[in-house]
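Respectively, the protein sequence lines represent chains A and B. Following this note's numbering, the numbering of the first sequence begins with 1 at its first residue and continues without gaps. Following this note's numbering, the numbering of the second sequence begins with 1 at its first residue and continues without gaps.
Keep in mind that the hints were calculated from the coordinates and are not lab data. Wrong hints could be hidden among the right ones.
[Stated by the list, open to error] Over the 12 Å line for every Cβ pair with chain B, so calculated as not near, a few chain A residues: (1) Glu89; (2) Leu134; (3) Pro172.
[Said to hold, decoys possible] Here are the simulated DSS-like cross-link-like pairs (lysine-lysine), alpha carbons at most 30 Å apart as the crow flies: (4) Lys19/A / Lys230/B; (5) Lys588/B / Lys332/B; (6) Lys19/A / Lys588/B; (7) Lys90/A / Lys223/A.
[Stated by the list, open to error] Computed spacing ranges between beta-carbons, pair by pair: (8) Pro614/B / Lys90/A: 47 to 57 Å; (9) Ile171/B / Gly34/A: 29 to 39 Å; (10) Arg128/A / Val517/B: 51 to 61 Å.
Every value quoted in this text rests on a predicted model; they were computed, and no experiment measured them. Glycine included, each C-beta is placed from N, C-alpha and C at the ideal position.
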Amino acid sequence: MEIPYTVERRPDTGLYNAKIGIWLFLASEVMLFGALFSSYILLRVGADPGTWPRHWLDWHLGGFNTIVLIISSVTNVLAWASLKMNQWEKYRMYQGITMLCALVFLGVKSYEYYDKFHHYEITLTDGRIADGHLQKPETTTNTVVIEGRFVESHAELMDPPPGLAHPRIEIPRSQIVEMRNYGPSHNNFTGLYFTMTGLHVLHIIGGLLVIFMLWGPLNGMWKTDPERYTNRVEVAGLFWCFVDLVWIFIFPTLYLL
Amino acid sequence: MRSPQHQHEAHARQDDHSGHTTEHREPGFWGRYFFSTDHKVVGLQYGITALLFMFFGFSLMMVMRWQLAYPGHPIPLIGHFLYRLLGPEMVAKDGSGVAGVLTGDLYNAFGAMHGTIMVFLAIVPLATGAFGNYVMPLQIGAPDMAFPRLNMMSYQFYFLGGVIMFASFFIPGGAAKSGWTSYSPLATIADTVHHPNGQTLWLLGMVFLITSSLLGSINIITTIIQLRAKGLTWMRLPFFVWAQFVTAFLLLLAFPPLEAAGILQLMDNSFGTSFFLPTGLVVSGQPLHIVGGGSPLLWQHLFWFLAHPEVYVLILPALGIVAEIVANNTRKPLWGYRSMVYGSMTLGFLSFLVWAHHMYLTGMGTRIATFFQTTTMMISIPSVIILTALLISLWGASIRINTPMLFALGFLPMFGIGGLTGLPLGFNASDIQLHDTYYVIGHFHYVVAPGTIFAIFAGIYYWYPKATGRMLNEYWGRVHFALSMIFMNLIFMPMFIQGLAGMSRRMYDGGLTYAAVGGVVGLSPFVLYLNKIISHAAWALGLAQIPFIVNFFWSLHHGKKVTSDNPWDSTTLEWQTPTPPGHGNFNKPIEVFRGPYEYSVPGHATDFTPQNEPDPPTP
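The following block holds chain B by itself, in its conformation from the complex (with noise of 0.2 Å):
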């Protein structure tokens, strides 16, 4: 992503080791972009991948809303494409023969996928893989990563997990759908015509992106504890990399049991073992072959301890984002930064303890319900430390209103709203009535779509230029930050509605068939109605991106062109290096003297003092 205009400084810089030039030769195209170790470059295909899974991911769910709202009807415009496409085992023909109508089964499908190509493919790879691997090691004064050939090949794993997981879709008998969950032994027995079926491709998929995470998280945490500049202690760390840290701590700890879960079913769908199939299990009236005696509770739990401080590997660094960009365009520093970095600590290892709130209506018994239920309200403790520290930031601040800053505000309260709308989930009693509705869906949504998304496209709108040497466009991010956030709202709102009416989350055709009919006591026509407002909003979000994807090509040619290097006047260090940074980062050896909020010191020239600038000597 580097601009002709400067070519000059990359120049510049080749010269710089013109002295290695007989052990180094300039690499091609394919080593610059493909098989680079640099972790600038990583970061970006990491960024680039996961920013086109995302939409492919919210593609599902768009095509999804269609049968919510219009249950039954060929999908306008690509419905015949996709009967053409998946064929008719997939895509149905309506009554007059028009084809394009979803079947149960692609929907079933597009919704694991959904949720499995958001979480696993899209976001954490946006919030480690790409903003982890860019920012941090620039934050720290790092040349690179510690490993930088693990960093490439964890990018590798990734891909290959990514290709997977879409090639599942091609297979015969289509792509996995039990879920993201993957709940045995609903997974096991979902398709037992095709072997292997979209299920084995999942868990082979879901491999290679373990993989990737624990060479990635490795990675981030050695390179934190090894590669700070000098002067750079523990508490000097601006809040985005110790979350990087936490999150690193959480991915490295939590995925090797699903991983675990992961060979087991494995074993179940393929070697005919019956680690997660119960005894006496039938099947469409027919008795499975099967020896039994296994636990379905089992593969939940493995599921869930990796997937509840998954929710926390979501969260934790677009607060380090948020943080960031809260603190710079405030011109304070961050307000109770101890307090946030221990706040963060404690989320990291309270989120192993809380896993079992997902599973109250599971029968696993009310006094494991109670252990779980305490700890989950002990984990809110630290969510609302640092979400109030943030909020207390912008106290009394002359706030410097930008688009990463708009972002940056929007996620505040949008996070506040998932947050606190999960504590009637994190109480049993009242879990009982939510468990499976809208209201869930609803209340996740919250703190991973206008949450996390915000903040990730907040770090976007604030690092391109770093990047690029580029501003993005202003107006049209201010533009495509107020769409996004009407739409946002639109859609997830009104699920708690839903939700608090009983509808429940698995219907294929959006509760018709428990709609009150003459009298009888099922959902409401609002409620119904409201699936409409909802699928209409969604399909307003998808075009509300379209200002954010030309703005983010044509800002590479186009864009304002940055005066310095240092763009948006911060203290940290990612802004002591040119721009873009070439490989290596630094041009000079960097030292750090103070901590990494020094914004409006008093008696100082400018309201803010970068990190490496030294203390004026005493007289």
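So here's chain A without its partners, still in its complex pose (with noise of 0.2 Å):
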């Protein structure tokens, strides 16, 4: 039994099964991303004045990542019209480049989340507060090393001013009273940070899992069935382009907000 319109248009729609479902599942992730972007908005709006925190990305790290991914979608486009024009080197060229930028996006975030697992926030038997990253070779069970800044309150870290210098500081564990790293739990906006961007990079992997499928170990379809095998190229390219077009928003309103 065959299903009709697998492959070929139904000609009142215009449209293959395959690109309705992609749409309607793209629209369901609208109203995901959407939920989290509104939860963003209503917690930064009901938190209380002073506590929400500025510039604690790296907006260089974020910009570089924003422009691989775009150049990653531009490249996923022309794989498919290279399938459309026959062009199977071309296709393979591509989508290579599209993988590549994919894998260097998570690299850099790799690095951003080392980055905030490392960072601390020490609170002080005497009400100060260091703050910097920790120098893990050097910690002992006795002292604490950070590359950081000492400040009076928790206040002033919200919105630290660039191009602090960052001294070597170590403090005995003696006066230590509590240590929190900048993972999800340390605020909101971490918390959220590491949620949206999180869910964004399965969304990622995911996408990167299905485009080398279609190129590398699936690709016999290309020669049973081309046009089946290019509409499965666009539908995962459709995806693609979202998962872009996500953290473009997320780009933003993470890191420049």
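Mind docking these for me? Both chains are given alone in their own frames, and the hints should help you get the complex.
Now the structure itself:
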């Protein structure tokens, strides 16, 4: 039994089944990320004055990743267009670049995550706060070594001025009341940062896997049913461009605002 | 569910496909019943699993009703069994050492899981998974769903979600116990001892159920858009298909915000964030060690953004089923078919704009409440249009009474009561009095229990002959209907009285704490006595399902055999298939020439004209 319109278009809608399916899926994805953005707005608007941080993320890295993802979307479209023009080698090359970009994105993102998990806010017994990156190799059972600065109050950390020096600071463990890294539980900003970018990274990994499977292990269909294969690349591409678009909203929301 | 008498048809079908035997091996038992991509098998899988969950969810409530009617007494018959099964943390002993007293924790867990199971594992899977899957592709003349493998996965995700929910009863600390709404911060702090706890499994189970509903709804929408038979234009679709179409959009767009909310709550419960936990939260006199700054209202907004459209997910397919059965048994076209179609679309659209009417008492502000009160009143208009159209369809008809029609006729006033009692809850002034009382429970159960569940029963009695080739027993069907009707009303009608008397829905002892004693104002003895009436009616309703269960299995082999493929003399396409339909559904290509309800057309030989019957050639 054959399902109609898996490959050819239905005349009155002008679409094949999977294309409607992926657009519906993307509509639900809009609602998923939309709910997270709405949560961001409500939590930020409802936050007590002076408790919502700014400039905690490095916009250079975020901006670089934005450009990388945009390039990947362009090559992804070019790859599909090459298939339409029956240029298999070009498709392989363009889609290769797409996957390379995805890997670069994931690499930069891992560095950013690593950076946040090693960044500590340390409350001291004298009421001051030491804030900076933990130097793991030099930290012993008696002293904690960070590269950062001292501040008088938590509020000062909310909008760090650019270009701060990061001197090496040694803190005896006996002076430490509490150590908290900038992980998800640090405050609602980092919580949202990790949740939203984490979910986005899962989408990147999912998209990368699908593109890779079509590009490599499952590319035999290009020989047997080229039109269907091209459609699959198109559907995967629609998802990829959507994931890219989500990042284009995440970047200004978390890095710039 | 194929009876041996119909094996010859199955063989005939295989012969049609004999040319394909080289590519396609006949699937074995597992392939046919567990890993089938055939929409009818998936539909039956959904139907049977969901009926089992419905009975399980109802059993939880039957146990809870004992505690409400006889607080503190050990549960008879199964009390000791529950004690052995769930342990002394969950089931206590009474003063004389008899085991089987429901603890508050277990009561809360049963309450939360009753709601969750009934909504997400029973009614919605029946309405969309079972009927949507089985009937809709037949009605549009499609060979199968647009994405058969996704359809199979949709059921498997649903099944896994159900297993996780069921398993959560047996982990340390027991199942989720913060209501089916899982309000934060309660859901995060209800069990701080065990990690992972019942709430974690609840959230995990919901992720599976949401994935299942996502795959299902994409499939239903794509199938309706792409696989309609030749000539089946949008306004020739049976109303049931329209109802499934709108429902699928609601599922597609309303569930993701709950998924987002679930992820955020999972972060709160397991990774120490405070999205829904306010600053300065104190639990049992101890300030909680959290960073704070979160918003409990945010959870409610995200939750109800799903859960209000969900109400229409529960009711629209039911209206669709009832519309099919009413048209068939009045032997007339539906009155106002177009108004019903536009009404259901309006209903679907407006259902996204009414969610905060569940939140009048949260202090979100009177202006917001006014907005949502207005939209709530607006949404009653399309609901009334659809119900009125169904009522007027009965007007002047010579109604053919049979079990499906009885359930459909029972549905109309029951849904009416459910809908009209909702109006005082939609106005924020009157809701302040009624919120969180038994009145609310009475209201939404009238919509869902004698409403949607009656429609589901109607659908089972109506389409059973198509799926099995045999009719359900008519006499026991009518007994099932009459008893269900009586006991449903005996359960839910007294709840309005209790609610108006101010009885809160959250009380574990059935309101005994607030009983009027010695002239002090409180719940009167009559209001408390109603608890006993409701509980006895609930157990009787359980017994009243025995005729149905026996009938369902007995008729598989002993029911009256259908004499034609179209035993109800219906016009729609699902009756133009062989009985039961084989893989691929139709024996010949199907073309549609007319609207869905051409009953009693003057001058026509029969009182029904099937959609695929061509017009006679004009001379």
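Hint check results:
1. Glu89: Nearest chain B Cβ is 32 Å from Glu89/A, so the label holds.
2. Leu134: holds, 19 Å
3. Pro172: The claim stands: Pro172/A keeps its Cβ more than 12 Å from every Cβ of chain B (closest is about 24 Å).
4. Lys19/A / Lys230/B: holds, 21 Å
5. Lys588/B / Lys332/B: Holds - the C-alpha atoms of Lys332/B and Lys588/B are around 28 Å apart, at most 30 Å.
6. Lys19/A / Lys588/B: holds, 28 Å
7. Lys90/A / Lys223/A: holds, 16 Å
8. Pro614/B / Lys90/A: 47 to 57 Å: Holds, since Pro614/B and Lys90/A (Cβ atoms, about 52 Å apart) stay within the stated range.
9. Ile171/B / Gly34/A: 29 to 39 Å: holds, 33 Å
10. Arg128/A / Val517/B: 51 to 61 Å: Once the Cβ atoms are compared, 60 Å apart, the range 51 to 61 Å for Val517/B and Arg128/A holds.
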